[in-house]
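All you need for this note's numbering is the position in the sequence shown, starting with 1, plus 1168.
Since the hints were made in silico from the structure, they are not lab data.
If you're wondering where the values come from, they're calculated on a predicted model, not measured in any experiment.
Cβ atoms here follow ideal geometry from the backbone N, Cα and C, with glycine treated the same way.
Check each hint, because a few of them may be wrong.
What the hints assert, rightly or not - So the derived label-pair ranges between C-beta atoms look like this:
1) 1194 - 1214: 26 to 34 Å
2) 1216 - 1187: 42 to 50 Å
3) 1180 - 1212: 23 to 31 Å
4) 1187 - 1209: 33 to 41 Å
5) 1178 - 1216: 47 to 55 Å
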Amino acid sequence: MQVTLKKGAKVAGTIAVLKNPITWIVAGILLLLSSIFGLALFISISLGGGSTLDSGTGIC
1169 MQVTLKKGAK VAGTIAVLKN PITWIVAGIL LLLSSIFGLA LFISISLGGG STLDSGTGIC
């Protein structure tokens, strides 16, 4: 019976977090930033930006 109560409390806590508009704003900002970063990375690779780690080192 205690396990059910703890699980119910956990679900209620999750619902409380999801009802908070600040949580959705933060999640939206993080999603937007990650998608912008992914798009920029894709464009960078598409334009022929190869590995920049070994450029200019003079080693093979």
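Determine whether the Cβ-Cβ distance between residue 1194 and residue 1214 falls within the hinted range of 26 to 34 Å. Since residue 1194 and residue 1214 have Cβ atoms about 30 Å apart, the given range 26 to 34 Å holds.
Range first: 42 to 50 Å. Now tell me if the beta carbons of residue 1216 and residue 1187 are that far apart. holds (47 Å)
Does 33 to 41 Å hold as the CB distance between residue 1187 and residue 1209, or does it fail? For residue 1187 and residue 1209 the Cβ distance comes to about 34 Å; the hint holds.
Starting from the hint 23 to 31 Å, judge whether the C-beta atoms of residue 1180 and residue 1212 obey it. Since residue 1180 and residue 1212 have Cβ atoms about 45 Å apart, the given range 23 to 31 Å is violated.
Is the gap between the beta carbons of residue 1178 and residue 1216 within 47 to 55 Å? Given range 47 to 55 Å: holds, Cβ gap about 50 Å.
Checked against the numbered hints above, the structure breaks only hint 3 and satisfies the rest.
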